[in-house]
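Numbering (my numbering), first residue to last: 37 to 211.
Any given hint might turn out to be false.
[Said to hold, decoys possible] No more than 20 Å apart at the CA atoms, straight line, and that leaves these computed lysine to any residue pairs for SDA-like:
| no. | residue 1 | residue 2 |
| --- | --- | --- |
| 1 | LYS173 | ASP154 |
| 2 | LYS173 | ASN131 |
| 3 | LYS170 | ARG119 |
| 4 | LYS106 | SER190 |
| 5 | LYS173 | THR122 |
| 6 | LYS170 | ASN145 |
| 7 | LYS106 | ASP202 |
| 8 | LYS170 | ARG149 |
| 9 | LYS106 | ARG149 |
| 10 | LYS173 | ASP202 |
| 11 | LYS106 | HIS139 |
| 12 | LYS173 | LYS106 |
| 13 | LYS170 | ASP202 |
| 14 | LYS170 | LEU150 |
| 15 | LYS170 | THR122 |
| 16 | LYS106 | ARG195 |
| 17 | LYS106 | VAL192 |
| 18 | LYS173 | ARG116 |
| 19 | LYS173 | SER157 |
[Stated by the list, open to error] Pairwise CB distance ranges, derived in the manner of DEER restraints:
| no. | residue 1 | residue 2 | range |
| --- | --- | --- | --- |
| 20 | ASP154 | GLN126 | 32 to 38 Å |
| 21 | GLN89 | ALA152 | 18 to 24 Å |
| 22 | LYS106 | ALA166 | 33 to 39 Å |
| 23 | GLY88 | ARG195 | 19 to 25 Å |
| 24 | ARG205 | GLU129 | 37 to 43 Å |
| 25 | GLY124 | GLY88 | 50 to 56 Å |
| 26 | LEU109 | THR156 | 36 to 42 Å |
| 27 | PRO123 | ARG195 | 21 to 27 Å |
| 28 | ASP154 | GLU129 | 34 to 40 Å |
| 29 | GLU188 | THR156 | 16 to 22 Å |
| 30 | ILE165 | ALA92 | 27 to 33 Å |
| 31 | SER169 | GLN89 | 30 to 36 Å |
These aren't lab readings, by the way, just hints derived from the structure by calculation.
Think of the CB as a built atom: it goes at the ideal place given N, C-alpha and C, for glycine as much as any other residue.
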Amino acid sequence: MLLDGKVTAFVRFTAGLAMLENCESRDPHIDLRVKITVCVYRDFAHKESSMGQIGAIIADAATVSQRYAKRLLVGIPVDRFARFATPGEQMIESNHPAFILGHLSLYPNNVLRLLAADTTSVLPTDRFIALFSKDAKCQDDALGIIYPSLQELSDVFFRSYEIAIDAVRDASDSQ
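Use the sequences and the hints to build the structure in full.
Okay, here's the thing in structure tokens:
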């Protein structure tokens with residue numbers, strides 16, 4: 037039974053949106069529906085159903101996460117998308133929106149692989165892997181030449197997640 041794999045996929049699928057421990061989030065802004073879905077999913081994880089309910093629950097939560105991601109992207113100036121924050125003219129070296137979106141865009145491939153589905157349409161390019169893997173270091177891109185544009189990253193991110201969400205929704209509980 038691959039339920040443990042599904043739990044891992046779900047956590048990574050909603051990475052950056054909730055740290056899941058006892059159905060509570062460390063982010064006070066996380067959508068309540070995600071918390072509820074996680075609690076319901078955890079209850080299902082101990083039972084196997086032939087109705088395909090688990091995939092639908094995960095897909096619904098991921099859809100909420102996608103709406104949240106779209107809201108987070110609104111208002112980010114294109115010239116600041118791949119830049120470190122500089123409050124008070126003091127640079128803070130951290131992950132910027134381009135790096136976060138690019139890193140999260142790698143996970144739909146993993147989700148499809150866990151479901152033994154075709155990953156061709158979501159395979160990350162070598163460039164994306166080099167820029168956004170867990171081993172990559174986020175860089176301040178003052179000239180706008182290191183990272184893909186906001187439009188390109190958004191297109192890859194949302195298209196890949198849409199494909200993965202559809203595959204998860206269609207998965208049987210035994211997958």
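(request) Given the range 27 to 33 Å, decide if the beta-carbon distance of ILE165 to ALA92 lies inside it. (result) 31 Å, holds
(message) Given the hint of 19 to 25 Å, is the C-beta distance from GLY88 to ARG195 inside that range or not?
(response) Given a distance of about 24 Å, which is inside 19 to 25 Å, the answer is holds.
(request) Take a quick look at whether LYS170 and ASP202 sit within 20 Å of each other, Cα to Cα. (result) Not satisfied, since the Cα-Cα distance of roughly 25 Å exceeds 20 Å.
(message) Please verify whether LYS170 and ARG119 have alpha carbons no more than 20 Å apart.
(response) 19 Å, holds
(request) Mind checking the alpha carbons of LYS170 and ASN145 for me, to see if they're no more than 20 Å apart? (result) Given that 20 Å is the threshold and the Cα spacing comes to 14 Å, the pair holds.
(request) Decide if the proposed pair is consistent with the structure: LYS106 and ARG195, CA atoms, cutoff 20 Å inclusive. (result) Holds, at roughly 13 Å.
(message) Check whether the Cα positions of LYS173 and LYS106 lie no farther apart than 20 Å.
(response) 24 Å, violated
(message) Can you confirm whether the C-alpha distance between LYS173 and THR122 stays at or below 20 Å?
(response) Within the cut-off at roughly 18 Å; holds.
(request) Look at the Cβ atoms of GLU188 and THR156 and judge whether their distance stays inside 16 to 22 Å. (result) Since GLU188 and THR156 have Cβ atoms about 19 Å apart, the given range 16 to 22 Å holds.
(request) With 34 to 40 Å as the target window, see if ASP154 and GLU129 comply at their CB atoms. (result) Given a distance of about 39 Å, which is inside 34 to 40 Å, the answer is holds.
(message) Just to be sure I understand the hint, the distance between the Cβ atoms of GLN89 and ALA152 should be within 18 to 24 Å; is that true here?
(response) Since the Cβ atoms of GLN89 and ALA152 sit about 19 Å apart, the hinted range of 18 to 24 Å holds.
(request) May I ask you to test the hint 37 to 43 Å on the CB atoms belonging to ARG205 and GLU129? (result) With Cβ atoms ~39 Å apart, the hint holds.
Checked against the numbered hints above, the structure violates hints 1, 9, 10, 12, 13, 15, 19, 20, 22, 26 and 27; every other hint is satisfied.
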